[in-house]
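S.K.: Given these sequences and hints, build the entire structure.
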Amino acid sequence: MKRVDIYRGWCKRCGICIAFCPKHVLEADKDGFPTVKDLEQCSGCKLCEIRCPDFAIVVSKDEEG
Amino acid sequence: MRETSHLVHKYLRPTMRFPHIWCPGCGIGIFMHALIRIIDRIGYSKDDVVLVSGIGCSGRLPVYVDFNTLHTTHGRALTFATGIKLAKPRLKVITIMGDGDGVSIGGNHLIHAARRNVEIASFIINNQVYGMTGGQCSPTTPYGARTTSSPYGNPEAAFDVSRLVEAAGATFVGRTTVYHTTLLDRLIEKALTKNGFAMVEVIAQCVTYAGRWLGLASPAEMMAWQRDNSVTVEKAKELNETELAGKTIIGVLADRERPTYNEECTKLRTQELKV
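Chains as they are written, first to last, in our numbering: chain E, 1 to 65; chain G, 1 to 275.
Just so you know, these hints were derived from the structure itself, not from any lab.
No farther apart than 27 Å at their CA atoms in a straight line, the calculated lysine-lysine pairs in the DSS-like style are these: (1) G:K10 <-> E:K61; (2) E:K30 <-> E:K46; (3) G:K46 <-> E:K46; (4) E:K46 <-> G:K190; (5) G:K10 <-> E:K46; (6) E:K61 <-> E:K2; (7) E:K2 <-> G:K10; (8) G:K10 <-> G:K88; (9) E:K23 <-> E:K2; (10) G:K92 <-> G:K10; (11) E:K2 <-> E:K30.
M.R.: Right under this line is the structure:
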C-alpha cells in the first residue's frame, strides 16, 4: 500500500502536484491544499514529490499495509 | 500525521525557517530538490561539496542547505568558486546563479570561467526576469516582452545563454526546464561528474513577475507552457527554422574534453621544477 503524506505547514498551495499527477490522485480541498482523492489509483511515480517546490509531499510505501 | 523521512530533510539546515522565501510555485525549489537528490545519489559527503551563489532569488539557495556554502556579491559566484577550486582542488565546487546575476553583471566571469575551463559545475536558473527586485527586464527577457522596466515592450534581443557559454569553450553545456524532471536529473548528474567547466541552463518559472507578461496566472500553466514550447535536441534536427521559432531546445548541447585549469596549472608548476 502506498502512502502520500502532505505537510500542510510547508505547502504554499501552488497546485503543481494536482495539475501534473498522471493518475489524478490529488485534488484541492476548500482551502486549496492538495488532498488525496483516490489512493488506489496512485502508481507511486513520485512526480508530485519531485515537482513540489516546497518539499511538502512524500510518497512512500507503507510497510505495515 | 506519522513522521515520514524525506530525503531533503537530511540536507536542510535545521536552523532555517521553513517554508522557504520563494513565491508559491517558484521553479527554484524544484531545482533545489533535484540538486539535493543527485548529490545524494552520487554520494558526495556534505563536507566535500561547496555551493557558491551570487545575489538574487537563486542566491538564497545555499542558505538553506547544509554544505559548505558561500553567498557572495552580485555576479561574482564564479570568481569565488574559481579561487576555491584552485586552493582546494579536491572539493566539488558548484555555483548557483540566476540570469540577472550570472549573465548580466556576472556575464564576463561566466565566459572567462568557461574559457579557462575551471572544473566547476555551474547552474544558471533562467526565469527571464529580475525577480527579487520587482520584475525588471534582464538579458534573457524575450524581445517585445512587457516587464516593469519595459512597459512598452522590451526593445532588446535576448541572450542565448547556452550558446554563449558553449562558444566560450565550456566542456559541458545542457539546457532543460524544471518541468522536464528526468532530463533535469540527468543533466545535473552529468554536470557534477564532468571533468571541466559544466553549465546547465535551467528554465524556471517566475510566477509573480514573468507570469504576468506571459498572461499565465498559475504555476501549473507556466509549467505546461514549458512543456509545450520545448523541443529536444534530437527532434530539433528534423525541424526547420519556422517550426523552431519560439521553441526552446533542450538536452545536451555540448559535451567535449579539454585540459582543465587545474591540470594546466599543475603542468606549469612541474615544468618550473625541472628547470
